[in-house]
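**Q** Read off the chains here:
Number of protein chains: 2
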Amino acid sequence: MQSLSELTKDYSAARARRLQLDMSRGKPGADQLMLSRGLLDARWVEQPKSENGLDCRSYGGPEGIPEARRLFGEMLDVPTAQVIVCGNSSLTVMYDYLAQCMFLGTGTEERSAGWGFQPRRGKVKFLCPVPGYDRHFAILEQLGIEMIAIPMRAQGPDMALVEQYARDPDVKGLICVPKYSNPEGKTYSDETVRAFANLRPAARDFRVIWDNAYCVHDLDDQGDVLHNIFEEAKAVGTEDYFVEVTSFSKISFPGAGISCVAASPANIAAMQKRMAAQTISHDKLNQLRHARYFGDAAGVRAHMRRHAEILRPKFGVVLELFARDLTGLAQWTVPKGGYFISLDLPGGCAKRTAQLCKEAGVVLTSAGATFPGGIDPEDKNLRVAPTFPPLEELRAATELLTLCARIAIAEKT
Amino acid sequence: MQSLSELTKDYSAARARRLQLDMSRGKPGADQLMLSRGLLDARWVEQPKSENGLDCRSYGGPEGIPEARRLFGEMLDVPTAQVIVCGNSSLTVMYDYLAQCMFLGTGTEERSAGWGFQPRRGKVKFLCPVPGYDRHFAILEQLGIEMIAIPMRAQGPDMALVEQYARDPDVKGLICVPKYSNPEGKTYSDETVRAFANLRPAARDFRVIWDNAYCVHDLDDQGDVLHNIFEEAKAVGTEDYFVEVTSFSKISFPGAGISCVAASPANIAAMQKRMAAQTISHDKLNQLRHARYFGDAAGVRAHMRRHAEILRPKFGVVLELFARDLTGLAQWTVPKGGYFISLDLPGGCAKRTAQLCKEAGVVLTSAGATFPGGIDPEDKNLRVAPTFPPLEELRAATELLTLCARIAIAEKT
Numbered sequence: 001m002q003s004l005s006e007l008t009k010d011y012s013a014a015r016a017r018r019l020q021l022d023m024s025r026g027k028p029g030a031d032q033l034m035l036s037r038g039l040l041d042a043r044w045v046e047q048p049k050s051e052n053g054l055d056c057r058s059y060g061g062p063e064g065i066p067e068a069r070r071l072f073g074e075m076l077d078v079p080t081a082q083v084i085v086c087g088n089s090s091l092t093v094m095y096d097y098l099a100q101c102m103f104l105g106t107g108t109e110e111r112s113a114g115w116g117f118q119p120r121r122g123k124v125k126f127l128c129p130v131p132g133y134d135r136h137f138a139i140l141e142q143l144g145i146e147m148i149a150i151p152m153r154a155q156g157p158d159m160a161l162v163e164q165y166a167r168d169p170d171v172k173g174l175i176c177v178p179k180y181s182n183p184e185g186k187t188y189s190d191e192t193v194r195a196f197a198n199l200r201p202a203a204r205d206f207r208v209i210w211d212n213a214y215c216v217h218d219l220d221d222q223g224d225v226l227h228n229i230f231e232e233a234k235a236v237g238t239e240d241y242f243v244e245v246t247s248f249s250k251i252s253f254p255g256a257g258i259s260c261v262a263a264s265p266a267n268i269a270a271m272q273k274r275m276a277a278q279t280i281s282h283d284k285l286n287q288l289r290h291a292r293y294f295g296d297a298a299g300v301r302a303h304m305r306r307h308a309e310i311l312r313p314k315f316g317v318v319l320e321l322f323a324r325d326l327t328g329l330a331q332w333t334v335p336k337g338g339y340f341i342s343l344d345l346p347g348g349c350a351k352r353t354a355q356l357c358k359e360a361g362v363v364l365t366s367a368g369a370t371f372p373g374g375i376d377p378e379d380k381n382l383r384v385a386p387t388f389p390p391l392e393e394l395r396a397a398t399e400l401l402t403l404c405a406r407i408a409i410a411e412k413t
Numbered sequence: 001m002q003s004l005s006e007l008t009k010d011y012s013a014a015r016a017r018r019l020q021l022d023m024s025r026g027k028p029g030a031d032q033l034m035l036s037r038g039l040l041d042a043r044w045v046e047q048p049k050s051e052n053g054l055d056c057r058s059y060g061g062p063e064g065i066p067e068a069r070r071l072f073g074e075m076l077d078v079p080t081a082q083v084i085v086c087g088n089s090s091l092t093v094m095y096d097y098l099a100q101c102m103f104l105g106t107g108t109e110e111r112s113a114g115w116g117f118q119p120r121r122g123k124v125k126f127l128c129p130v131p132g133y134d135r136h137f138a139i140l141e142q143l144g145i146e147m148i149a150i151p152m153r154a155q156g157p158d159m160a161l162v163e164q165y166a167r168d169p170d171v172k173g174l175i176c177v178p179k180y181s182n183p184e185g186k187t188y189s190d191e192t193v194r195a196f197a198n199l200r201p202a203a204r205d206f207r208v209i210w211d212n213a214y215c216v217h218d219l220d221d222q223g224d225v226l227h228n229i230f231e232e233a234k235a236v237g238t239e240d241y242f243v244e245v246t247s248f249s250k251i252s253f254p255g256a257g258i259s260c261v262a263a264s265p266a267n268i269a270a271m272q273k274r275m276a277a278q279t280i281s282h283d284k285l286n287q288l289r290h291a292r293y294f295g296d297a298a299g300v301r302a303h304m305r306r307h308a309e310i311l312r313p314k315f316g317v318v319l320e321l322f323a324r325d326l327t328g329l330a331q332w333t334v335p336k337g338g339y340f341i342s343l344d345l346p347g348g349c350a351k352r353t354a355q356l357c358k359e360a361g362v363v364l365t366s367a368g369a370t371f372p373g374g375i376d377p378e379d380k381n382l383r384v385a386p387t388f389p390p391l392e393e394l395r396a397a398t399e400l401l402t403l404c405a406r407i408a409i410a411e412k413t
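Just so you know, the sequences run in chain order H and D.
Using this note's numbering, the first residue of the first sequence is number 1, and each one after it goes up by one.
Using this note's numbering, the first residue of the second sequence is number 1, and each one after it goes up by one.
Keep in mind that the hints were calculated from the coordinates and are not lab data.
Ideal Cβ positions, reconstructed from N, Cα and C, are used throughout, including at glycine.
Warning: the hint list may mix true and false statements.
As the list claims (entries may be wrong) - From the derived model, a few chain H residues whose C-beta atoms are all more than 12 Å from chain D:
#, residue
1, Ala16
2, Glu46
3, Glu232
Unchecked claim - Here are the computed lysine-lysine pairs in the DSSO-like style, where the Cα-Cα straight-line distance is at most 30 Å:
#, chain 1, residue 1, chain 2, residue 2
4, H, Lys273, D, Lys380
5, H, Lys351, D, Lys273
6, H, Lys273, H, Lys123
The shape of chain H in the complex, shown without the other chains (with noise of 0.2 Å):
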């Protein structure tokens, strides 16, 4: 390894150069949005009528329309029935969907008190694997929901202790990304969605929030296959205790695709219930256009393969660095799909990085970001989004990155 003086003269040159390149954040690239350019053609929605008889331009259907929601469970291997297809937005959902837990309760209970609403004897509490979505967090946060750190192992959270903390009655649910989890890439392997199918927490309205953001994101052929969770869960009559979502925000466009929330019978009908006061009906010519651009599953997949092939190169760019440069100083994930590789720095060390990083011109997603609150306990995870920059960029970008945080690990030492 070079010595720090060594380091720190490499970081002067670099930082001489006046990057600005961003890594924060999982967006895809200018050439991931052209592959979807089609969609916005005016003649999938010339005929505005879907397939039960709904003008899309008008008003109605707030369960969203037959194909769209067909779509979507397809790709979710849910029944229809029970999908509802909402805005541009899967985290409106979640917030939505918990903030309407706080204060109206579940709604498939018998008394409809609130999660939060109703003067309470303890505080509502949630599990949180860690590292996790720093916009789950927000979520909670906003809306004064304790969260309890849950640290993940290979095959997904540390379900011993999710068991555990189950048992307290003001533990209310868990969030998660279960494949190609934000920010480490993993899938949650098939024991580990038969141990949530299996909880049995002692809170009967408790939700787990199952995150499916990258049901379809695999960077090739061999992607990890998730467990569906409602095959398990309804073989064991658990099934009230998971809503799931996922949206087009990474497959059409992130501003502008189609979002849903798929659930059991019950969840479904006490979220249309309250769905009905807030709103007329999602934007149906929008869900029109994904459903008849994409047809059916295959054409998504089909798709997202076309994704992957822009993507591969710049997760290999990412990890080739990685080794190149870090091989024995840091721990580094090589997911295959999703949005993210998460790299582990000794600790104290991911702060310093990040900031190294700034300083000459590179933005990462916050330290601590994946962490409840911010706080990452060791300071050592970092969050790096390699889909944004073009090829070239994210490989200046790494490089800086990698030596910035070999600049924090001799400093250490």
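Model the placement of chain D on the given structure of chain H, informed by the hints.
**A** Chain D alone, transformed into the frame defined by chain H:
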């Protein structure tokens, strides 16, 4: 007037015609939807960057793109910076705002105690001008807010009564449609708007939801002019009490338009903070489409004149038949815009009339729907929505309505 037996004979003949007509909801007709066909052309979004350089296909810009904010700002005559552009439904904007106030408070006060979340002495109450909009009442009902009916006068709600109730600190606000009110089509007078601005409610977190759904929805060139609530309120330091919404639902497409909220700088700041947890951005491609297609408020007004050409004869035929058949028997409004005509029958006749209509194949908005809880204490008000049926069907439906009304009246006397 015909005798009951003559009327009943006519009714039997009408039933035999097996009508299937719907005057229940304020939906644009098929010809109106065709007016915005060009909006769906791909050329509006082919160059996907907004004025501030944001790629409208991707994430970001939860406050909306500048050109869409400006368009709404012009339409409502409020500064662009005081507008947030949202999704396809202003109903959702109102629901979310009220739910967040219940849960988290208004966000502008030092303490963030929600209207409803902290254990409170009294129940949260809201003032509701009646007759009013059933979907407003449905939101308040779901959130557990007690509704207090305020009678509408010629100039708007009875403001002396509003002032009196606003002395109760548990009264947290009022929800209304100030221009072409739903269902009466009345526009609040300048004096009424000034009385709103000069309210001094006991609750400092009092909010008036100013649902300006019909801001540009005049039936002819001599439309009503609603005085600008923010100008008046700013002058007397009460602008934080007002939250205005509107949408393109009845300008472009009911299911696929864009909506906005306009409010004081303090309220906008509070909403932006909350929105950051709820969404990364609303559908900016649809914002871009609307901003480029309509251009500016003048473009919107020109478009609305084409709607008016379609709607004028529809309102005309209903009013003509009311005058022919119900003069001296009932009272109705003659609105200069909006989507409804309000029919006041003698007490005890509204439900019976709606029931007779239904049995003969004509669906009206449920009698009572224009009052909180769906209960019209005098059972006299019916909301007539003349926009959706083609002209000849509308004539047939209205003839049946006046016949049923005359039967209900004759049965009472």
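**Q** Are the hints correct? Go through all of them and say.
**A** Now the hints, each set against the structure:
1. Ala16: holds (27 Å)
2. Glu46: With a cut-off of 12 Å, Glu46/H comes too close to chain D, as the shortest Cβ separation is near 7 Å.
3. Glu232: holds (31 Å)
4. Lys273/H x Lys380/D: Since the Cα atoms of Lys273/H and Lys380/D sit roughly 29 Å apart, the hinted pair holds (cutoff 30 Å).
5. Lys351/H x Lys273/D: holds (25 Å)
6. Lys273/H x Lys123/H: holds (27 Å)
Against the hints set out earlier in the document, a violation occurs for number 2 only.
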